[in-house]
Structure formats: structure tokens, C-alpha cells
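2 protein chains.
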Amino acid sequence: MMFRKFALAGIASTATLFATPAWADTLIDNVVGITINADGEVERFTGLVISDDGKVRELVKSGDPRPGSIDYQIDGEGRVMLPGMIDSHVHVMGIGFGQLTLDLSRTNSLEEALGAVRNFAEANPGRPWIIGRGWNQEKWGLGRFPTAAELDAVVSDRPVWLARVDGHAGWANSLAMSKANVTRASTDPNGGRIIRDPAGNPTGVFIDAAESFINAIVPEPRPSDRDVALHKAQDVLLASGITAVADMGTSVEDWQAFRRAGDHGSLKIRIMAYANDVKTMELIAGPAPTPWLYEDRLRLNGIKLYLDGALGSRGAVLKQPYHDESDHHGLALLRPAQLRNLMSRAAMDGFQTAIHAIGDAANAEVLDAISELSETYSGDRRWRIEHAQIVDPDEIVRFGQNGTIASMQPLHQTSDRLMAEARLGPDRLGGAYAWRSIAAAGAPLAFGSDAPVEPADAFAGLSVAISRTDADGEPFGGWLPGETISRDVALAGFTADGAYAGFADGRFGRLIAGERADFILVDRDPMLSSPQDIREMQVLETWIGGERVFENK
Amino acid sequence: MMFRKFALAGIASTATLFATPAWADTLIDNVVGITINADGEVERFTGLVISDDGKVRELVKSGDPRPGSIDYQIDGEGRVMLPGMIDSHVHVMGIGFGQLTLDLSRTNSLEEALGAVRNFAEANPGRPWIIGRGWNQEKWGLGRFPTAAELDAVVSDRPVWLARVDGHAGWANSLAMSKANVTRASTDPNGGRIIRDPAGNPTGVFIDAAESFINAIVPEPRPSDRDVALHKAQDVLLASGITAVADMGTSVEDWQAFRRAGDHGSLKIRIMAYANDVKTMELIAGPAPTPWLYEDRLRLNGIKLYLDGALGSRGAVLKQPYHDESDHHGLALLRPAQLRNLMSRAAMDGFQTAIHAIGDAANAEVLDAISELSETYSGDRRWRIEHAQIVDPDEIVRFGQNGTIASMQPLHQTSDRLMAEARLGPDRLGGAYAWRSIAAAGAPLAFGSDAPVEPADAFAGLSVAISRTDADGEPFGGWLPGETISRDVALAGFTADGAYAGFADGRFGRLIAGERADFILVDRDPMLSSPQDIREMQVLETWIGGERVFENK
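Those protein sequences? They're chains A and B, same order as listed. Residues in the first sequence are numbered from 12 upward in steps of one, following our numbering. Residues in the second sequence are numbered from 12 upward in steps of one, following our numbering.
Quick caveat, the hints were computed from the structure, so don't treat them as lab data. Treat the hints loosely; a few may be bogus.
Chain copies aren't distinguished; within one or between two, either way the pair holds.
Quick list of in silico lysine-lysine cross-link-like pairs, DSBU-like style, CA-CA up to 35 angstroms [stated by the list, open to error]:
#1 564 with 190
#2 150 with 290
#3 190 with 72
#4 564 with 330
#5 72 with 279
#6 150 with 330
#7 243 with 564
#8 190 with 279
#9 290 with 564
#10 330 with 243
#11 330 with 72
#12 72 with 243
#13 150 with 72
#14 279 with 330
#15 330 with 190
#16 290 with 72
#17 150 with 243
#18 243 with 190
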């Protein structure tokens with residue numbers, strides 16, 4: 012950072028010179044500062060002092076005298092300062108590769124998507140595969156899955172493979188299926204399904220575990236591709252005001268890319284990583300979680316497990332059959348004993364466990380497992396349930412037990428609400444995206460985006476969290492508005508509680524003395540703005556560890 | 012280190028206080044200092060100044076005035092100071108696991124070995140497998156390989172698996188073979204051989220690639236086992252005065268253990284790593300060699316390739332048949348095109364290549380490949396040939412070309428000489444362990460031990476390098492004594508040239524200003540002692556980066 016130069020004048024005037032060497036401390040003054048404080052409450056301040064080690068030295072409150080031993084001073088010009096946003100559920104490399112592949116998430120119809128595929132293929136003649144993601148037949152109002160034949164009509168000379176918006180389904184053209192030797196005779200794997208026509212022929216969409224038919228033959232990215240993707244992802248996140256993330260399902264290749272960036276000094280963002288399986292967890296970290304590396308920028312906290320799929324693709328495991336598919340309960344990805352064995356394997360070496368559970372049956376299963384495991388693995392475990400979208404209302408109280416953390420994504424609520432109504436019917440929504448109830452039960456809410464499934468937009472997340480309305484303000488008054496939460500809890504969910512959920516409390520997440528000086532300067536006060544205005548909030552600057560890493564010019 | 016404390020008095024008296032903060036510089040005075048200097052020549056000194064960053068600030072020569080700005084002073088008490096030894100060919104984890112498993116390298120007969128196996132099994136009742144290494148039927152004078160039946164007589168209730176001293180053969184008991192489903196019907200893999208009786212039944216010894224029958228079923232060590240092994244290896248090396256090593260054939264699990272030690276601050280020794288295959292190299296380092304990590308303690312330089320096996324197990328590839336097996340030329344592990352493809356794959360991304368070549372045909376093949384590759388991959392490549400034991404005398408001159416480095420192990424010469432005479436006959440030894448001729452051709456000699464194949468004993472290596480006699484002084488006058496080298500070249504081979512061979516020149520390997528202060532204090536002067544006395548040299552202290560990491564108490 013520009014302010015690190017040895018400060019001659021400062022030294023000469025510093026009384027403590029001979030006890031400890033003095034360095035350059037910087038005051039950012041004249042800000043509308045907002046943070047969660049040590050008591051978990053919102054606190055306001057007008058200035059912040061960064062010590063030379065990149066940590067917060069102290070906050071300045073309105074009316075306080077100017078702090079001593081300041082070597083540099085920056086005028087905040089009255090801008091709003093917030094702690095850096097923490098996104099507690101992202102797929103870092105997915106965000107990065109999303110930047111390098113075809114993004115269909117903004118398409119509003121099948122025709123629009125097919126046009127985008129054609130254009131992308133023409134614009135990238137050298138790519139042996141056309142890879143993309145983000146389609147959503149629900150958003151298109153298609154009423155069915157798209158087909159390989161539809162893709163063939165726009166690209167038939169190269170394999171095409173497009174992930175659904177939630178990552179739980181993939182759409183292939185015929186050449187991709189042919190290269191993967193998928194035929195009528197191919198059988199559905201455990202935890203997966205090949206969509207077929209009435210005659211039994213695969214039609215081009217592969218659900219959950221069946222995606223591996225095609226994934227297995229997609230060329231692996233080179234390490235240099237991964238490095239590019241990581242830096243793209245970092246750029247996206249820093250520009251969005253996100254200074255730390257939980258990476259859900261880190262592969263060893265991902266981890267090595269993180270380390271390369273750390274080793275070369277180009278890792279700016281903080282990554283709390285959760286390995287994608289036990290083997291990877293062990294290979295990365297060995298007999299215990301890694302230390303915090305690169306000045307609190309990287310740690311392998313534990314493991315991510317998948318217990319079920321997604322609601323959109325009907326992979327989420329429900330207690331009662333799907334309202335819109337009456338013979339189907341979803342697809343469990345782990346048997347109860349497998350879940351407990353994997354959780355034990357992690358817990359015995361002090362690793363944290365983050366378990367994807369979307370359906371009410373899956374959430375019940377995880378809560379059971381946490382309860383059982385907690386008898387053996389006591390202490391501060393911070394069991395994380397990822398998504399916790401559909402919970403039996405009778406079981407919400409259990410989120411307050413055993414230190415369970417609810418890692419939830421507000422934007423999923425607005426994206427999913429119509430689909431959730433279709434999947435569950437009107438009578439089974441009492442525990443859907445139930446933020447207020449879960450918080451009331453005592454579980455910390457760690458908020459995230461699930462990017463690239465949703466945009467990594469914490470401000471949209473804040474807006475939804477307090478309103479349960481979408482970008483168009485729909486539905487008026489909010490969807491199941493009893494589950495909105497206060498602005499304070501929402502801000503904590505995207506800052507302090509996200510750090511807590513990743514064992515980073517005390518290191519970052521709050522602007523309090525001794526934590527890393529990770530903050531953003533924005534153009535409005537989220538505690539005073541309307542939900543719609545919060546969505547429009549602009550990041551002016553992003554700082555991590557006392558260094559400015561993004562500036563909106 | 013004990014001298015790092017902020018030096019109040021030093022600061023107060025230092026004129027440069029306000030320009031740059033002054034730290035503690037340490038003078039180690041009154042030593043008999045010896046190093047290779049910047050001109051590649053032996054230079055003597057009487058004192059060494061370590062700057063606070065752990066580098067050499069300056070050498071003090073006899074008659075020089077006392078250097079200025081010294082905060083601490085240590086009396087060397089007239090002891091001999093050498094650069095830390097660099098062992099250019101070790102298997103770090105092999106050394107460590109060797110400390111944790113049965114060591115048969117000092118057994119002098121089959122009976123002695125069987126007794127050791129029995130004792131080890133009794134002493135370790137909880138181990139599900141009895142794992143060991145170091146046997147040598149040649150040393151035992153057995154005249155044949157040992158058998159499973161002989162092992163069964165001492166341990167039959169648990170599988171036993173014992174690696175030969177050179178790692179190129181393994182000896183199993185019947186239970187291990189049965190667990191591995193090895194039967195009469197098992198066929199020899201490419202590059203490997205199952206030793207059989209006249210009826211075709213496997214007798215218990217597996218050569219080279221055939222070792223994988225058993226290796227595949229040996230339980231993998233846990234990461235915590237690896238961490239213990241690494242620290243055991245480090246202890247052995249530091250106590251031997253070795254401050255840096257080239258690790259030949261680093262697996263990703265090995266690398267992660269190195270990183271864990273680095274991340275926790277417990278990695279003292281410097282490791283120049285060579286990955287065990289392309290996939291590992293890419294996974295570890297991505298698109299280019301890693302930076303130097305942990306203050307020059309770890310770097311992935313490139314890849315280790317095996318072109319042939321060992322002479323003892325008749326895996327080395329010879330131009331003419333083995334003298335003692337007239338229908339056998341050895342076992343090539345890579346085809347010529349494979350070798351070139353792998354070398355290209357590494358070179359295109361700037362990785363260094365270290366190729367195991369023992370037989371004269373293998374060395375010729377590598378020299379051909381280097382010559383061809385050098386046309387495409389120009390610049391400072393430092394192609395390494397590992398072992399280069401048997402070279403066609405007509406081809407030795409080619410070691411001076413294309414920057415080829417000969418990474419050789421003096422102790423192999425004394426251990427192997429009788430075996431080499433048997434394998435090659437008396438008329439084909441002209442290019443055997445031909446240090447002087449290879450150096451005369453212009454190739455740097457990087458000396459090592461191949462530990463745990465031989466002990467990590469650089470002083471024994473120095474002794475052999477200048478004498479070509481073994482611990483008993485045999486044979487009188489040295490074996491093929493024309494290939495002895497000077498003390499200066501031998502010292503460089505275990506210090507400066509070892510650093511050069513790992514792209515570490517300028518970082519460590521010499522005691523010159525700006526390089527890391529890696530040195531040892533020993534009890535005699537290797538430039539003046541007899542070869543037998545050099546073998547007895549004692550390490551009194553080992554220092555790395557200006558910190559004492561071993562003291563012989």
C-alpha cells in the first residue's frame with residue numbers, strides 16, 4: 012500500500028521509539044462508519060486507524076479527540092464505511108470459470124439461450140468444447156427440460172455442455188452424448204438421473220450424479236487456466252465489496268491455485284476453504300486444519316458434504332413426495348451411516364463439517380447426525396448446514412442446538428419462490444427460507460450467495476434479507492414476510508457471523524481493534540436506505556488488510 | 012534464534028537509525044573457515060558476520076580489522092566452519108520412514124536379517140504389516156535372492172515386505188503374496204520381473220515394476236505418519252551437517268508434508284524438490300516452478316524421471332548384455348519417445364528435468380535426448396542426469412555439452428564396486444563412476460548420497476570422492492584411482508555445485524555475502540585430514556539461515 016513507507020517524521024516524534032519500532036499508522040477520517048461490535052451490536056464511528064500491520068488500531072467516535080501517533084491521514088469525504096462483506100457460500104473457481112465460459116443466467120427464454128450459444132461458438136472458434144452454465148428452464152417458463160436436439164440445431168460440430176443455474180443438472184448436445192457413449196442402454200447412476208423421452212432415449216439433460224457421464228470427458232482445465240480463473244473470480248468479488256468467502260467444495264487443484272496466488276503475493280481475498288471430499292481434505296491439510304496462511308487469507312477449515320440435491324432439479328430430499336411429481340422424494344447422495352462416518356472422520360481430527368441439505372428430510376437427517384455426533388465430538392465444532400432451505404417447522408428449534416450454524420443464501424429465496432411453491436405446494440412452505448425463525452432458535456445465520464449460482468451480490472442479499480422482495484419489489488410486502496430479519500442481523504450475517512461460521516472471528520469480519528482492516532467504502536447507508544436502494548449500493552473502494560485492493564473509477 | 016532480540020544498545024549507537032532500522036548483526040569469530048567462493052575456488056576466513064535476516068553479511072579474513080556494527084559476538088573457539096552440506100540426491104520421506112521401519116542395511120547375512128525381522132515383529136505387535144528396507148543379498152554373499160519361505164519361518168501371521176537396499180526390488184513373505192493375489196499365473200509387468208523357481212512359482216522377490224504387486228496393497232501412511240517421518244528425516248540430516256537436499260521423486264503427499272512443516276515454521280532444512288511424475292508436477296506447481304518458499308527452504312524445481320533400474324537388480328540398461336546374465340540387457344522404464352515427451356512437457360513450462368540413468372545405454376539415451384531437446388529448449392536448463400554410474404567412455408565428453416549436470420553419489424562406488432565388476436566384467440569399467448573424467452569434460456558434479464539407499468553422510472562421500480576407498484581403506488590405493496577428484500572439487504560437489512544443480516546458486520551453498528548463513532562447525536579440517544579421518548569428522552553445530560538448528564552435546 013502507498014502508506015507503508017518508513018515514516019521518518021513519525022518515528023522522530025514517537026515516545027516509544029526505543030521500546031518497539033514505530034511504523035506508519037493511518038487515520039481514515041470523516042466517514043460514516045458502521046460495524047458489528049464486540050457485543051454483536053451495530054456501532055457507528057467517524058474514523059478508523061489502521062496500524063502498519065494492516066489491522067484496526069482503533070475506531071474514532073464522534074466527539075473523540077484526534078488519536079495520537081498518526082503518520083498519514085485520509086479524508087473519507089463523508090462516505091459510508093462498512094466491514095468488508097463476507098460471502099459464506101461461494102464456489103470461487105466456479106465464479107472464475109464462469110467469467111471464462113458462456114453465461115446463460117440472464118437469458119429469459121430457450122430461444123435467447125440458443126442464440127447465445129450460437130454467438131459464443133462463433134466468437135470462440137478455437138475452443139474444442141462449448142462450456143457454459145446458468146440456464147434455468149423455470150425462469151424461461153419452458154415447463155420442461157431443454158433437449159439435445161435443440162442444441163444440435165445451433166452447434167453440432169463441437170460438443171456442448173451447459174450446467175443448470177444450480178449446478179445440479181447439465182444439458183448436452185448430441186455430439187457430447189455420443190463422445191460420452193451415452194445411449195438408450197445407459198443406466199441411471201445412484202443419486203442421478205438421465206432425462207429420457209417416452210421411448211427411453213436420453214434427451215440431453217443429466218441430473219446430479221448422472222452429470223458425471225459428460226463431466227468425465229470434458230477436458231480438464233490446465234493449471235494456468237485455473238490461475239486465470241482465480242484472478243477473474245477475485246476481481247469480481249473485490250469489485251462487489253466482498254473481502255472474504257467460504258469456498259464450498261475445494262478440490263486439490265483449486266487449493267493449489269489458491270496457494271500459488273498466495274505464494275506469489277497475488278491472493279488478496281480471504282478464503283475459508285472446505286474440501287470436496289475426505290481424501291482431498293487429508294491431502295491438503297493432513298492431520299488437522301491448516302494454519303491461517305498468508306496473513307489470514309487462506310485456511311482449510313474442513314469438509315463440504317452433499318446430502319441431497321437441489322429443489323429445482325427435484326434432487327432435494329423431502330419428507331413428503333414432490334407436489335409436482337407425486338412418486339418422487341428426491342435423491343439422497345449419502346446414506347445415514349455414510350454421512351455419520353464422514354462427519355466423524357472430519358471431526359476426529361478437528362475439521363469443521365459443512366453439509367449441504369436443502370429438503371426437509373435432508374435437514375432432519377443432518378440435525379439428527381449433528382445431535383448424535385455432538386455426544387462424541389464435543390467442544391466448539393460449529394457444525395454448518397449449507398442452504399437449510401426447506402425445514403420442517405417443528406424442527407427449526409433444533410438449529411439452536413449443538414452450535415449448529417445456518418449458512419443460507421437470501422437470493423435463493425427470491426429466485427426460488429415460484430419453483431418452491433410448485434415443488435412443495437402451498438401448504439408446506441412454513442419452514443421455507445425461514446431466516447427469522449432459525450435465528451430466533453439461536454443459530455447464527457451466515458449469509459452467502461452460492462455464486463456463481465447467484466451473483467456474488469451481498470447488497471442484493473441484504474435487501475432480500477430485510478424485505479423478501481425481488482429486484483422488482485415483488486411480491487408486494489414480501490414473500491412469507493414473517494421471515495424477514497432486522498438490518499442488524501442481516502449485516503451481521505454478511506460480516507461478523509460469516510467470520511464466526513469460518514472460525515475467523517477475532518481475525519476479520521468486524522471493524523474492531525486487533526482485527527484485520529478489511530472494509531469497504533460505499534455510496535449510501537444500508538441501515539437507512541430502502542431495500543430497493545440497498546440493491547443499488549455502489550462499492551467505491553475495497554480494502555483488505557489495510558491495503559486498497561479495488562477502487563471504482 | 013537466541014540472538015534475534017531487539018538490540019537496544021546496538022540501536023542507540025547506530026548512526027543509520029533514522030534511515031533504516033538497525034537490527035542485530037552477529038559475528039562468529041575465531042573459526043577456521045572454509046568455503047567455495049564466488050570464483051568457484053576454496054577460500055579461507057577467520058570470522059563470519061550474520062545479518063539479522065539470516066544471511067552472510069561479510070567474511071572476516073586473517074588480519075582484517077574487526078567489522079563494525081556488531082551487536083553480538085560468538086567465539087568459535089578455533090573450530091572449523093564449512094558451508095552446510097548439500098545432498099543432491101535423497102528421498103526425504105524414505106529417510107524418515109526408514110527411521111520408522113525395520114532397517115536391514117547393516118545386516119551381514121541372511122540369518123542376521125531374519126533374526127532382525129523376527130525381533131522387529133515381536134517388538135511391534137500392533138503393526139499390521141512388517142515393513143523394512145536395506146537388505147542386500149550381494150553383501151550377504153548369498154549368491155541368490157532370498158525367498159518368501161525363509162521369511163515365513165520367522166513371520167507368517169502378518170504380511171512382511173522388505174525393500175532391497177537400492178529400492179529396485181522387494182522381498183515378501185507368503186502372506187503378503189497371498190493378500191496381493193500373486194500366483195504362478197501372475198505375469199511380469201513391463202519393466203518388472205517376478206523371481207520364480209524352476210517350476211514358475213514366485214519365490215518372494217519382485218523386481219522394479221513388479222514391486223507394485225505388493226506396494227499396491229501396503230496400507231498408505233496417514234498424513235500424521237508423514238509428518239513424523241519428515242521430522243525424523245530432518246533430524247537425521249541436520250545431525251549429519253546437511254542443510255539442503257534435492258528430493259528426488261516428490262509425491263504430492265510428500266509435498267504437502269513439506270508445506271505443512273513450512274506453514275507451521277518447523278521446516279528447517281532446504282528442499283529442492285523434483286516431482287515423481289508430470290501430473291504431480293502440474294498439481295503442485297501449476298504452470299511454472301514454484302517460487303522459493305519459506306525463506307528459500309522449499310521449491311518445486313521440476314521433475315524426476317526414471318529411465319532404467321539399478322545395476323544390482325540388473326535393471327540398469329546396458330549396451331552389451333550383463334556379464335553375469337548373458338541374455339539380459341536390463342529393463343528400460345521409458346521408451347525413447349516417452350522420455351522426450353516427458354522432458355518436453357517439463358521444459359516447455361520452465362521446469363528442470365532430472366533423469367535417473369545408470370547403465371551406459373541409458374546414459375547414452377539421455378545424452379541423446381538432452382542434445383535433441385536443447386535445440387528447442389534453449390537457455391539455462393541445467394539438465395540433470397542422476398547417478399550416471401556406467402557411461403561409455405567415448406560418451407563422457409558429452410557431459411560437457413548443453414549444460415548437463417552429473418548428479419552422482421560417491422558412496423555408491425564403494426558399495427557397488429564388486430557388484431559392478433560382476434555385472435560388467437573387468438573390461439567394461441572404463442566409464443564406471445567416472446567423476447574425474449566427467450568433471451574434466453566440463454559437467455558440474457552435484458554430489459549426494461541417495462539416502463536412504465546409502466547413509467546421508469557427506470563426509471564419507473568426501474572421503475570416497477578423493478580416495479575411492481571404502482571404510483576399511485579398501486582397495487589399497489583406490490578402485491580405478493584415476494577417477495578420484497581433488498578436495499576442492501569434492502567440497503564444491505557437496506556445497507556450491509549442489510546449489511547450482513538446483514538453481515539455488517546465489518541463495519545458499521557458499522559462505523559469501525548475500526547468501527543464506529547455512530554453515531556447520533566441525534571438529535577437523537577436511538582439506539588437511541586423511542580420507543579415513545574425514546570419515547570420522549564430527550558435526551558440532553549446524554546452522555541454517557543464521558539460526559542454530561543442531562548442536563552435538
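Structure-based check of all given hints:
1. With identical chains, the CA atoms of residue 564 and residue 190 are never at most 35 angstroms apart, being 47 angstroms at best within one copy and 67 angstroms at best between copies.
2. When the C-alpha separation of residue 150 and residue 290 is checked against a cutoff of 35 angstroms, the pair qualifies neither within a copy, at 37 angstroms, nor between copies, at 41 angstroms.
3. Taking the shortest alpha-carbon separations for residue 190 and residue 72, neither the intra-copy value of 65 angstroms nor the inter-copy value of 72 angstroms comes in at or below 35 angstroms.
4. In the homo-oligomer, the alpha carbons of residue 564 and residue 330 never lie at most 35 angstroms apart, since the shortest distance is 51 angstroms inside one protomer and 69 angstroms across protomers.
5. With identical chains, the CA atoms of residue 72 and residue 279 are at most 35 angstroms apart within one copy only, with a shortest distance of 29 angstroms there and 47 angstroms across copies.
6. When the C-alpha separation of residue 150 and residue 330 is checked against a cutoff of 35 angstroms, the pair qualifies only within one copy, where the shortest distance is 26 angstroms, while the shortest distance between copies is 71 angstroms.
7. For a Cα distance limit of 35 angstroms, the shortest separation of residue 243 from residue 564 inside one copy, 18 angstroms, qualifies, whereas the shortest one across copies, 55 angstroms, does not.
8. In this assembly of identical chains, the alpha carbons of residue 190 and residue 279 never lie at most 35 angstroms apart, being 40 angstroms within a copy and 50 angstroms across copies at closest.
9. Proximity of residue 290 and residue 564 under a CA criterion of 35 angstroms is satisfied in neither setting, with 44 angstroms inside one chain copy and 42 angstroms between copies.
10. For the identical chains of this complex, residue 330 and residue 243 are neighbours neither inside a copy (40 angstroms) nor across copies (54 angstroms), given an alpha-carbon limit of 35 angstroms.
11. With identical chains, the CA atoms of residue 330 and residue 72 are never at most 35 angstroms apart, being 52 angstroms at best within one copy and 84 angstroms at best between copies.
12. Taking the closest pair of Cα atoms, residue 72 and residue 243 never come within 35 angstroms of each other, the shortest separation being 37 angstroms inside a single copy and 55 angstroms across copies.
13. In this assembly of identical chains, residue 150 and residue 72 lie within 35 angstroms of each other by CA distance neither inside one copy nor across copies; the values are 48 angstroms within and 81 angstroms between.
14. Proximity of residue 279 and residue 330 under a CA criterion of 35 angstroms is satisfied in neither setting, with 43 angstroms inside one chain copy and 56 angstroms between copies.
15. Proximity of residue 330 to residue 190 under the C-alpha cut-off of 35 angstroms is found in neither arrangement, the shortest distances being 38 angstroms within a copy and 45 angstroms between copies.
16. For a Cα distance limit of 35 angstroms, the shortest separation of residue 290 from residue 72 qualifies neither inside one copy, at 49 angstroms, nor across copies, at 55 angstroms.
17. Taking CA atoms no more than 35 angstroms apart as the test, residue 150 paired with residue 243 passes inside one copy only; the shortest distance there is 27 angstroms, against 60 angstroms between copies.
18. In the homo-oligomer, the alpha carbons of residue 243 and residue 190 lie at most 35 angstroms apart inside one protomer (30 angstroms), although the nearest pairing across protomers, at 50 angstroms, exceeds that limit.
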